[in-house]
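Novice: Respectively, the protein sequence lines represent chains P and E. Following this note's numbering, the numbering of the first sequence begins with 1117 at its first residue and continues without gaps. Following this note's numbering, the numbering of the second sequence begins with 681 at its first residue and continues without gaps.
Read the hints as simulated data drawn from the structure, not as lab findings. Be aware that a few hints might be false.
[Claimed, not checked] Pairs of lysine to any residue, SDA-like flavour, derived with a Cα cap of 20 Å:
(1) E/K884 - P/E1282
(2) E/K884 - P/R1364
(3) E/K884 - P/L1278
(4) E/K884 - P/R1186
(5) E/K884 - P/N1281
(6) E/K884 - P/I1192
(7) E/K802 - E/Q780
(8) E/K884 - P/V1313
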Amino acid sequence: MKATAIHDRYAAANAIDPSLRHRRREHVLMMMLMSPAVLVVFALLIVPLSWLIMQSFYADGALSLEHYRRIFTEGIYWNTFFLTFRISVIVTLLALLMGYPVAYAASILPQRWAMLILALVILPFWTSVLVRAYAWLILLQRSGVVNQTLIASGLTDSPLALMHNELGTIIATVHILLPFMVLPLYATMQKIPQDLVQAGASLGGSPLHVFMRVFFPLSLSGVLAGMTLVFVLCLGFYITPELVGGGRTVMASMLVSRNIQLYSDWGAASAVSVVLLICVLAIFYVVSRLVPLERILGAK
Amino acid sequence: MKQTHGLKTLMVTSVALAGTVGVSHTMAAGQITFVSQGGAYQEAQTVAILDPVAEALNITIHQESAPDAWPMIRTQGTTGQAVWDVVDTPPLNCVRGGNQDLIEPLDFSRVPNAESMPEEYKTPYSVAYEFYSSVLAYNPDAFNGNPPETWADFWNVEEFPGNRALRNHPLGTLEAALLADGVTPDELYPLDVDRAFEKLEEIKPHISTWWTSGGQSAQLLYDGEVDMLMMWNGRVSAIMNEGANADFTYNEGILQNTHLCIIKGAPNLDMAVEFLNAAIDPQYQANLPLHIDYGPGNPAAFDIGKIPEERARELPSYPENAERQVLMSYEWWSSAEGEQAERRWLEFMQQ
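So here's chain P without its partners, still in its complex pose (with noise of 0.2 Å):
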């Protein structure tokens, strides 16, 4: 009884299954059709970023870890990662607290509403980071609109210090960062059954409570999502610290072009953008513990 089992067995697996060679002619195609792709991403992403990696560890034409352990041990590029970290945290914060109303209204009110603050969040989208920078520069600057209303209006004597600094360089990056807390919110928001918060109404919760402890709960995915979408892309911020951050908001991305341009060290630069690259890494491995990471960059 056993051996035949055996043998039946052995026939099954040995006999052409047609539905399966058609399945594995279909692999094969789809092999080829994903080639291209595969081939752009080796040539333009993973041969230059090797050769940066490489790069990174030679100093004076030698093998040295002397470009990380400047990182690691002077001042400036500690001060440096600081304040990168302090405004990404700054400006995820920011975005969350200004991006979370939006998204909310945007999943209960009705889809004519819902289309037109979505339209409202991804217009200024469209319109490059260099021109949205020197838009706040002119609102913001000395002689500038807000300025002059403030002082028209007799809020403040003087002019106040709102470009050319890190406070500047908040303002315009949590604008420019701001639908990629948005959109995934409102992806998440929509998901979320509206019987669920109707039932907690109807057993007597208030809409505080309801919203605290039915919907709110129930948007953290989103809001896991879109933190790290602005976190991460804050950290590599440098048209707009460059342009509206007067010289002293100095990012990581800037110290990068700052040691090629005024240092010619491209280990040096390599080295940071690693660093840079390694944290990145960190914070999506992190993430994707808690929340896959389809979620995040909107597959699913």
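Fit chain E to the known structure of chain P by using the hints.
Specialist: Frame of chain P; chain E shown alone:
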């Protein structure tokens, strides 16, 4: 764009030549790749110098631009794959490049036009091409007829209140700090770096913006964002012509220039030397100030009667103006001490 026409003509002639003589290398002869810094400045020199030189030497000049040529000089020099021939860049890059074997030493016997030029306008690797100055510019409205005239005034926040800006770069800024601290121009070099940074520390709280690009400096003054700043003379004149409330003084200006130098192993080395000599010919040099607010690198250009007297007086390298300024020493900046000072800048900015 102007070059396209020349290129076509050359291609037609060289193809014809190659056809009759049957020698293919004539195709490659008679061309160079020239690199400058782009923008209005490169357009002006195209009309003033490059086009006439191309015609006179019967060559094609391929133009490229790089606002900061040093990383490219380094890359081309170290990989041994030069694609550029002649670079118009601050002499610091030429000298530093020369010391690191990235720039060709110049055979001055083949550059007769440089003979009459002052020694301080030449290095073993390069010759002066044009002059500009980092000057003290200001908004006259902010000072009621008593504008700041010296760097000591710039540092005097009591008598001259107002928003200030400096360039986010040590070159020129350290010089201004030392002049403000009472160092005389003859004693300026070698720079007392510690003293300069100490003096800069003093003005730092009063600097609202450290600018990074020339356009940004112009914007700051034009919009009234700052009342006084150090900026390049050509940038001030440009916004003055546009009607901005702006003025400047050549007093204690830091006179700077760009030089022409040749990349090590340049593909058209011979022609590059010939071009370099022609580009500093007083005849063509005198054309430059007719198109942009920069002075000729070769002072002989002032003597041939091409630049009107009125115009000449506005230029940074006009002898009377040059006397009131300090010529930046690139020898010092390219020394180990200078490089060390440059490295301190980022640290200073972040404290």
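Novice: Take the hints in turn and mark each one as holding or not.
Specialist: Hints and how they fare:
For the given pair, E/K884 sits about 16 Å from P/E1282 by alpha-carbon distance, which is consistent with the 20 Å threshold. Distance hint between E/K884 and P/R1364 is fulfilled; the C-alpha atoms sit about 10 Å from each other, no more than 20 Å. Simply put, E/K884 and P/L1278 have alpha-carbon atoms about 18 Å apart, close enough for the 20 Å limit, and the pair holds. Of the pairs offered as hints, the one joining E/K884 and P/R1186 is violated, with about 26 Å between alpha carbons and a cut-off of 20 Å exceeded.
Taken as a hint, the E/K884 and P/N1281 pair is honoured in the structure, with Cα atoms around 13 Å apart against an allowance of 20 Å. Note on E/K884 and P/I1192: the hinted pairing holds, with a Cα-Cα distance of about 17 Å set against a maximum of 20 Å. A C-alpha spacing of about 18 Å is found between E/K802 and E/Q780, which places the hinted pair at or below 20 Å, so the restraint holds. Annotation: proposed proximity of E/K884 to P/V1313 is violated, straight-line Cα distance about 56 Å (limit 20 Å).
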